[in-house]
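2 protein chains.
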Amino acid sequence: MTHFPKGFSSCSLNAGIKDDTLDFTIIYSDTRAAAAAMFTKNQFCGAPIVIGKEHVKDGYLQAIAVNSKNANVATGEKGLQDARTMTEAVAAELGIDPSDVLPSSTGVIGVPLPIEKIVSAVPGLKAELRPDGLEQSAKAIMTTDTYPKFRTRKIGEVTLAAMAKGSGMIEPNMATMLSYILTDAKIEADDLKAMLQRAVNVSFNSVSVDGDTSTSDTVAIMANGLAGEVNLAEFEAVLTDLCIELAKEIARDGEGATKLVEVQVTGADSDTVAKKIGKSIINSPLVKTALFGEDPNWGRIMSTIGNSNDAVDTSSVSVSFADVYVFQDGAPTEDKRAELEEYLKTDEVLIKISLGTGTGTATVWGCDLSYDYVKINGEYTT
Amino acid sequence: MTHFPKGFSSCSLNAGIKDDTLDFTIIYSDTRAAAAAMFTKNQFCGAPIVIGKEHVKDGYLQAIAVNSKNANVATGEKGLQDARTMTEAVAAELGIDPSDVLPSSTGVIGVPLPIEKIVSAVPGLKAELRPDGLEQSAKAIMTTDTYPKFRTRKIGEVTLAAMAKGSGMIEPNMATMLSYILTDAKIEADDLKAMLQRAVNVSFNSVSVDGDTSTSDTVAIMANGLAGEVNLAEFEAVLTDLCIELAKEIARDGEGATKLVEVQVTGADSDTVAKKIGKSIINSPLVKTALFGEDPNWGRIMSTIGNSNDAVDTSSVSVSFADVYVFQDGAPTEDKRAELEEYLKTDEVLIKISLGTGTGTATVWGCDLSYDYVKINGEYTT
Numbered sequence: 007m008t009h010f011p012k013g014f015s016s017c018s019l020n021a022g023i024k025d026d027t028l029d030f031t032i033i034y035s036d037t038r039a040a041a042a043a044m045f046t047k048n049q050f051c052g053a054p055i056v057i058g059k060e061h062v063k064d065g066y067l068q069a070i071a072v073n074s075k076n077a078n079v080a081t082g083e084k085g086l087q088d089a090r091t092m093t094e095a096v097a098a099e100l101g102i103d104p105s106d107v108l109p110s111s112t113g114v115i116g117v118p119l120p121i122e123k124i125v126s127a128v129p130g131l132k133a134e135l136r137p138d139g140l141e142q143s144a145k146a147i148m149t150t151d152t153y154p155k156f157r158t159r160k161i162g163e164v165t166l167a168a169m170a171k172g173s174g175m176i177e178p179n180m181a182t183m184l185s186y187i188l189t190d191a192k193i194e195a196d197d198l199k200a201m202l203q204r205a206v207n208v209s210f211n212s213v214s215v216d217g218d219t220s221t222s223d224t225v226a227i228m229a230n231g232l233a234g235e236v237n238l239a240e241f242e243a244v245l246t247d248l249c250i251e252l253a254k255e256i257a258r259d260g261e262g263a264t265k266l267v268e269v270q271v272t273g274a275d276s277d278t279v280a281k282k283i284g285k286s287i288i289n290s291p292l293v294k295t296a297l298f299g300e301d302p303n304w305g306r307i308m309s310t311i312g313n314s315n316d317a318v319d320t321s322s323v324s325v326s327f328a329d330v331y332v333f334q335d336g337a338p339t340e341d342k343r344a345e346l347e348e349y350l351k352t353d354e355v356l357i358k359i360s361l362g363t364g365t366g367t368a369t370v371w372g373c374d375l376s377y378d379y380v381k382i383n384g385e386y387t388t
Numbered sequence: 007m008t009h010f011p012k013g014f015s016s017c018s019l020n021a022g023i024k025d026d027t028l029d030f031t032i033i034y035s036d037t038r039a040a041a042a043a044m045f046t047k048n049q050f051c052g053a054p055i056v057i058g059k060e061h062v063k064d065g066y067l068q069a070i071a072v073n074s075k076n077a078n079v080a081t082g083e084k085g086l087q088d089a090r091t092m093t094e095a096v097a098a099e100l101g102i103d104p105s106d107v108l109p110s111s112t113g114v115i116g117v118p119l120p121i122e123k124i125v126s127a128v129p130g131l132k133a134e135l136r137p138d139g140l141e142q143s144a145k146a147i148m149t150t151d152t153y154p155k156f157r158t159r160k161i162g163e164v165t166l167a168a169m170a171k172g173s174g175m176i177e178p179n180m181a182t183m184l185s186y187i188l189t190d191a192k193i194e195a196d197d198l199k200a201m202l203q204r205a206v207n208v209s210f211n212s213v214s215v216d217g218d219t220s221t222s223d224t225v226a227i228m229a230n231g232l233a234g235e236v237n238l239a240e241f242e243a244v245l246t247d248l249c250i251e252l253a254k255e256i257a258r259d260g261e262g263a264t265k266l267v268e269v270q271v272t273g274a275d276s277d278t279v280a281k282k283i284g285k286s287i288i289n290s291p292l293v294k295t296a297l298f299g300e301d302p303n304w305g306r307i308m309s310t311i312g313n314s315n316d317a318v319d320t321s322s323v324s325v326s327f328a329d330v331y332v333f334q335d336g337a338p339t340e341d342k343r344a345e346l347e348e349y350l351k352t353d354e355v356l357i358k359i360s361l362g363t364g365t366g367t368a369t370v371w372g373c374d375l376s377y378d379y380v381k382i383n384g385e386y387t388t
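Protein chains in written order, with the numbering used here: chain A, 7 to 388; chain B, 7 to 388.
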């Protein structure tokens, strides 16, 4: 069942940036909300990221304005001016301070933002804001996504609503392409920030579709306090769970993906090593194409593990697909190819890797690499 | 024109390892030859790599025995025994010491080598050895390659012959999948080794098809001295040039590739940083699919540069495709998409990146990512 947090509303529309689908949305809180955000570490980050960092620094936001179909990245000085103009237009319409607006843009890189289209779409939007508009917002921020990612949760009186988008250029480093989490709980900005960082680390930052960290990654959380206090440990558990659920949806809806792939690494020297090895499996085009072809070519997993920059004791490695062990304690098992071929027909592949040398663990998510991935990305702008 | 070095001969045949194509070859020198070799750094390296390292340690080899269609990797204790058995059978046939035989295997990982097929194919091979058999050897070592890679050069009386194979699982780290270089020059093993390392660094180690370092990478050079001494500087220049030529052939013949891509990086803080950034461009599935689709989506180059772990001064970056500048001194140029779209119809794409902060340079090679890459790798073992 869908719940909506108190005091939040939104509206979405088509501003004609590229085609006639939804491409602009505003999310608004009736009161200034405590806020935290994490952004891409890509050095060619988008112009809205630069402005967004300034605006969230004081721990408060009142609105989020997002356009899709154009990322406003690598657009020079004009791009920065356009991002400012967008926040100013939205703030004027809502009657709030521009510095309480977080701007986001997602889409093609290197093409100037048609800012005049956005500016002329804004007047009158305040009257269109509706509490149940958030599901539409999840749609308006999509690019190559095939479905919107939106989830809500209740903790007593408190409600959390979260949305995310992202399908390609996905190996988030601090956050996914775009994700917004809204709650009516009363939580301090510092607590929000700490909980968000921990949750993002085991969710969005553990997903990869193609190994490319986007220039636009943003995850922001706003807490307007209208439903009162909440147990922070309980809140963090729900927040983490929500982020993992959305992160998995992003992998499942990866560009051209036909399978969600989960890699569980255990027995590593550290969690960091476990995550690196898991990510290398998820990012290997050889592994990803074999999974797409449902080809029981498990040797590619071994090769990828062997390429780790961290020392691996090859004699203690075990690898299984769910319960089908193909390599155990450093040696191949009796031929399991027929069994494995059968298992690979699933659309949720689980790969378990035990390194057998330490206590480090990590779980990461990704997807297979299909003809459609090539099609989507070979024809993106033409 | 093809030349053959004095005192080398070879033969190739089908041992029935997988199908009825050539899958086994022996390369033989009439005399023990000074030798050097470089092998994969993959920790799950193939069994023949383990044996090969032992055999080349003393700086001498007299024969190379290679099978394709099975890599003998992740095959446990039996795999090591099989690799030894292969060298012993070949040594017995040739009447030489097994420790002067370098074994190599390339193909599927994790499937036991059908050693009995190889052993029964060896008797009688010595009578089949021919000096002009080397071109056939280049064919016998192929897996998903679409054509053999073979080159020869003369330096005065001295001849060099070199072959390489490799099309997928290609991001050599010390060597390409398989490359053998033969010369009748008289050169000490230590000199051979030093020259080989320098040449490999700027050739095979600067190529990537899919970012996956193979478990079987081997490059070996043998110098039997039958044509006498040679100017070492001149020899190294020719050797380097030969390695670069073969490395480019491997990228051009990358699995499913329709375009050879060369990335020249200049103005980096160091050669190492330049190479890392060049490799990241060559390995980005987003860049590679856009090149396949001839889509002028140059923004993906910017995103990939921005993801470098090394600091980039985004305000001094320039990027061009051959002479078509899309980004200059930190800002996008006037819209060049039409011009770029026209340029991308070429089958040899040149991307030039100037970072504008140092004197480090690197040139790397790769290829685009096509539907056929997915097809080849989705159906590899089935």
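Be a bit skeptical, because a hint or two may be false.
Given that identical chains are not distinguished, each listed pair holds provided it fits within a single copy or across any two copies.
[Unchecked claim] Below, a list of computed lysine-lysine pairs in the DSSO-like style, where the Cα atoms sit at most 27 Å apart:
(1) 351 <-> 381
(2) 381 <-> 254
(3) 282 <-> 47
(4) 199 <-> 254
(5) 12 <-> 63
In case anyone wonders, no lab produced these hints; they're calculated from the structure.
Hint check:
1. 351 <-> 381: both (23 Å within a copy, 17 Å between copies)
2. 381 <-> 254: both (23 Å within a copy, 26 Å between copies)
3. 282 <-> 47: both (17 Å within a copy, 17 Å between copies)
4. 199 <-> 254: within (22 Å within a copy, 49 Å between copies)
5. 12 <-> 63: within (24 Å within a copy, 73 Å between copies)
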